[in-house]
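Participant: Using the sequences provided together with the hints, build the complete structure.
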Amino acid sequence: MEKPGGPVLRIGAAGRALQRGGMKKALVASRDGRTDPATLVLGAEVSAKTQIKEYKEQLILSAAANLFYEKGFQKTTLDEIAAALNMTKPFIYTYFKSKDALLEALFDMVYSDFFGKAYAALNSRLGSPRARLEAFMDVFVRSNIQQHKITGILLEEEKNLSADRIAEIRRQQHEFDQRLTQLISEGVEVGEFNVADAAVCSLAISGMVRWTHRWYRRSGRLSEEELCAHMRGLALRLVGWSDPSTLTRTRGRPLRRTFPDRGHL
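The opening position of the sequence shown corresponds to residue 30 in our numbering, with each subsequent residue numbered one higher.
Careful: at least some of the hints might be erroneous.
Between beta-carbon pairs, the in silico distance windows are [claimed, not checked]: (1) Leu-184 to Asp-108: 25 to 31 Å; (2) Ser-191 to Ala-113: 24 to 30 Å; (3) Gly-101 to Gly-220: 44 to 50 Å; (4) Trp-244 to Glu-197: 28 to 34 Å; (5) Met-237 to Ala-113: 30 to 36 Å; (6) Asp-226 to Gln-175: 15 to 21 Å; (7) Ser-141 to Ser-191: 15 to 21 Å; (8) Ala-192 to Leu-155: 35 to 41 Å; (9) Ala-225 to Gln-80: 48 to 54 Å; (10) Gln-87 to Thr-117: 16 to 22 Å.
EDC-like mimics (lysine to aspartate or glutamate), calculated; alpha carbons at most 16 Å apart, straight line [as the list claims (entries may be wrong)]: (11) Lys-188 to Asp-129; (12) Lys-104 to Asp-129; (13) Lys-126 to Asp-167; (14) Lys-118 to Glu-86; (15) Lys-128 to Glu-186.
These are computed hints drawn from the structure, not numbers from a lab.
Just so it is clear, the structure is predicted and the values come from calculations on it, not from any experiment.
Note that CB positions come from ideal geometry on N, CA and C, so glycine has one too.
Facilitator: Encoded structure:
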């Protein structure tokens with residue numbers, strides 16, 4: 030790979046196709062007389078550059094996340110992240126000013142994407158509190174196990190953020206816990222749930238899901254669907270919804286009563 034005066038990331042066929050696609054749309058629009066061709070071409074080029082920039086940033090964040098998860102933030106160097114990308118540090122500095130900035134960007138990604146999906150489920154007004162809690166559990170569990178490395182970084186590396194960022198993270202977590210508490214309280218008010226302390230119940234539910242990254246493996250005995258079913262059942266039992274069909278037996282198998290010896294589910 031060429032690195033004259035600094036590293037160069039080759040965008041390859043995908044990047045060139047992106048640029049061609051933007052130009053084609055611009056030319057079609059100009060032929061229809063909707064906009065000045067020069068303006069549209071310039072806009073397409075800017076859009077392509079923005080998307081390529083975002084793609085490069087995602088590559089760097091992905092490499093950083095893998096190493097932060099495997100080695101920890103403190104033990105990972107920018108040289109190692111660059112090596113994982115077959116680049117040098119100047120390439121990373123083009124997009125992120127420091128290793129701390131990489132960690133902050135990962136946390137931003139978690140709260141905009143990861144928790145954004147969970148918020149959408151919590152804020153839905155469709156269905157009863159029980160149905161909404163089940164929908165939330167599906168989204169929250171899947172997000173945790175599908176992005177288990179990000180979840181691990183979220184829980185393990187918060188201590189390496191600045192004091193201001195930690196305070197902001199805590200505020201966001203508090204808002205999230207409050208929204209789940211509100212949903213549980215709504216269920217109590219309509220008689221679906223039976224909980225003495227909705228706030229404690231909320232923390233128990235979110236806590237058991239957030240730590241699934243430490244023990245769940247796709248190669249284990251539970252599929253993603255089965256784990257979601259188990260977690261939904263546990264959440265409903267925690268909120269006092271006692272319908273027998275929610276007891277966590279999957280596909281007719283008896284409930285397991287012993288934990289695997291140092292294994293993973």
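Participant: Is it true that the C-beta distance of Ala-225 to Gln-80 lies inside 48 to 54 Å, as the hint says?
Facilitator: Roughly 51 Å apart at Cβ, these two residues keep to the hinted range, so it holds.
Participant: For the pair Ala-192 and Leu-155, does the Cβ-Cβ distance stay inside 35 to 41 Å?
Facilitator: 40 Å, holds
Participant: Hint says 15 to 21 Å; check whether the CB-CB distance for Ser-141 and Ser-191 agrees.
Facilitator: Since the Cβ atoms of Ser-141 and Ser-191 sit about 19 Å apart, the hinted range of 15 to 21 Å holds.
Participant: Checking one constraint from the list: CA of Lys-188 to CA of Asp-129, max 16 Å. Satisfied?
Facilitator: 12 Å, holds
Participant: Assuming the hint says 25 to 31 Å, is it satisfied by the Cβ distance from Leu-184 to Asp-108 or not?
Facilitator: 26 Å, holds
Participant: Check the following: the C-beta atoms of Gln-87 and Thr-117 are separated by a distance inside 16 to 22 Å.
Facilitator: At 19 Å between Cβs, range holds.
Participant: For the pair supplied as a hint, Lys-126 and Asp-167, is the alpha-carbon distance within the 16 Å limit?
Facilitator: Violated, at roughly 37 Å.
Participant: Between Ser-191 and Ala-113, does the beta-carbon spacing fit 24 to 30 Å?
Facilitator: 25 Å, holds
Participant: Lying within 30 to 36 Å: is that true of the beta-carbon distance Met-237 to Ala-113?
Facilitator: 33 Å, holds
Participant: Starting from the hint 28 to 34 Å, judge whether the C-beta atoms of Trp-244 and Glu-197 obey it.
Facilitator: Check passed, 29 Å falls within 28 to 34 Å.
Participant: Under the criterion that the straight-line Cα-Cα distance not exceed 16 Å, is the pair Lys-118, Glu-86 satisfied?
Facilitator: The hint holds at about 13 Å.
Participant: Would the pair Lys-104 and Asp-129 pass a check requiring their Cα atoms to be no farther apart than 16 Å?
Facilitator: With Cα atoms ~13 Å apart, Lys-104 and Asp-129 stay inside 16 Å; holds.
In terms of the numbered hints stated before, the structure departs from hints 6, 13, listed from lowest to highest.
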